[in-house]
Amino acid sequence: MFGIGPTELIVILVIALIVIGPKKLPEIAKVLGKTFAEFKRATEEIKNSVKDDIEKTTGTLTELSKEVKASINQQPQTPPAEEKKKDT
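According to the working numbering, the stretch in the sequence shown is residues 2 to 89, in order.
Since the hints were made in silico from the structure, they are not lab data. If you're wondering where the values come from, they're calculated on a predicted model, not measured in any experiment. Think of the CB as a built atom: it goes at the ideal place given N, C-alpha and C, for glycine as much as any other residue. Any given hint could turn out to be false.
[Said to hold, decoys possible] In silico PhoX-like links for lysine-lysine, alpha-carbon gap of 20 angstroms or less:
| # | residue 1 | residue 2 |
| --- | --- | --- |
| 1 | K57 | K67 |
| 2 | K25 | K35 |
| 3 | K57 | K41 |
| 4 | K24 | K35 |
| 5 | K41 | K31 |
[Said to hold, decoys possible] Here are the computed distance ranges between Cβ atoms for each label pair:
| # | residue 1 | residue 2 | range |
| --- | --- | --- | --- |
| 6 | P7 | K57 | 39 to 47 angstroms |
| 7 | I5 | S72 | 57 to 65 angstroms |
| 8 | I5 | A43 | 16 to 24 angstroms |
| 9 | G60 | I16 | 51 to 59 angstroms |
| 10 | D54 | I29 | 32 to 40 angstroms |
| 11 | K57 | A30 | 35 to 43 angstroms |
| 12 | V12 | R42 | 28 to 36 angstroms |
| 13 | L26 | E56 | 40 to 48 angstroms |
| 14 | A30 | D53 | 29 to 37 angstroms |
| 15 | L62 | G22 | 57 to 65 angstroms |
| 16 | G34 | L62 | 52 to 60 angstroms |
| 17 | L26 | N49 | 28 to 36 angstroms |
| 18 | Q76 | T36 | 54 to 62 angstroms |
Model the full assembly from the supplied sequences, consistent with the hints where possible.
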């Protein structure tokens, strides 16, 4: 959890208990818990939104790629010898 070991976590909790006090510590922990849960929910929504946009873009690019390949295949192919005659 954030690179904090159990010993560091206990030290932080003891310092918080001393600084904040035993009466307000549960209230603050509740608020922090709700805040972290809301933050996690928001980041998941952003991830899903970005993922959906990437999938839509990939689908669109795939369709465009197929259209370009189809149009290239439909164009008449001139042999290289005829192209050289046109240039001169």
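Cross-check of the supplied hints:
1. K57 <-> K67: holds (15 angstroms)
2. K25 <-> K35: holds (16 angstroms)
3. K57 <-> K41: Violated: K57 and K41 sit about 24 angstroms apart, past 20 angstroms.
4. K24 <-> K35: Between K24 and K35 the Cα gap is close to 18 angstroms, so the pair holds against 20 angstroms.
5. K41 <-> K31: OK: K41 and K31 at ~15 angstroms, within 20 angstroms.
6. P7 <-> K57: 39 to 47 angstroms: Since P7 and K57 have Cβ atoms about 44 angstroms apart, the given range 39 to 47 angstroms holds.
7. I5 <-> S72: 57 to 65 angstroms: holds (58 angstroms)
8. I5 <-> A43: 16 to 24 angstroms: holds (23 angstroms)
9. G60 <-> I16: 51 to 59 angstroms: Holds: the Cβ-Cβ distance is about 52 angstroms, inside 51 to 59 angstroms.
10. D54 <-> I29: 32 to 40 angstroms: Distance hint for D54, I29 holds at roughly 37 angstroms.
11. K57 <-> A30: 35 to 43 angstroms: This hint holds: roughly 41 angstroms between Cβ atoms.
12. V12 <-> R42: 28 to 36 angstroms: For V12 and R42 the Cβ distance comes to about 30 angstroms; the hint holds.
13. L26 <-> E56: 40 to 48 angstroms: With Cβ atoms ~45 angstroms apart, the hint holds.
14. A30 <-> D53: 29 to 37 angstroms: Given about 35 angstroms between the Cβ atoms, the range holds.
15. L62 <-> G22: 57 to 65 angstroms: holds (58 angstroms)
16. G34 <-> L62: 52 to 60 angstroms: Given about 42 angstroms between the Cβ atoms, the range is violated.
17. L26 <-> N49: 28 to 36 angstroms: 35 angstroms Cβ-Cβ, so the 28 to 36 angstroms window holds.
18. Q76 <-> T36: 54 to 62 angstroms: holds (60 angstroms)
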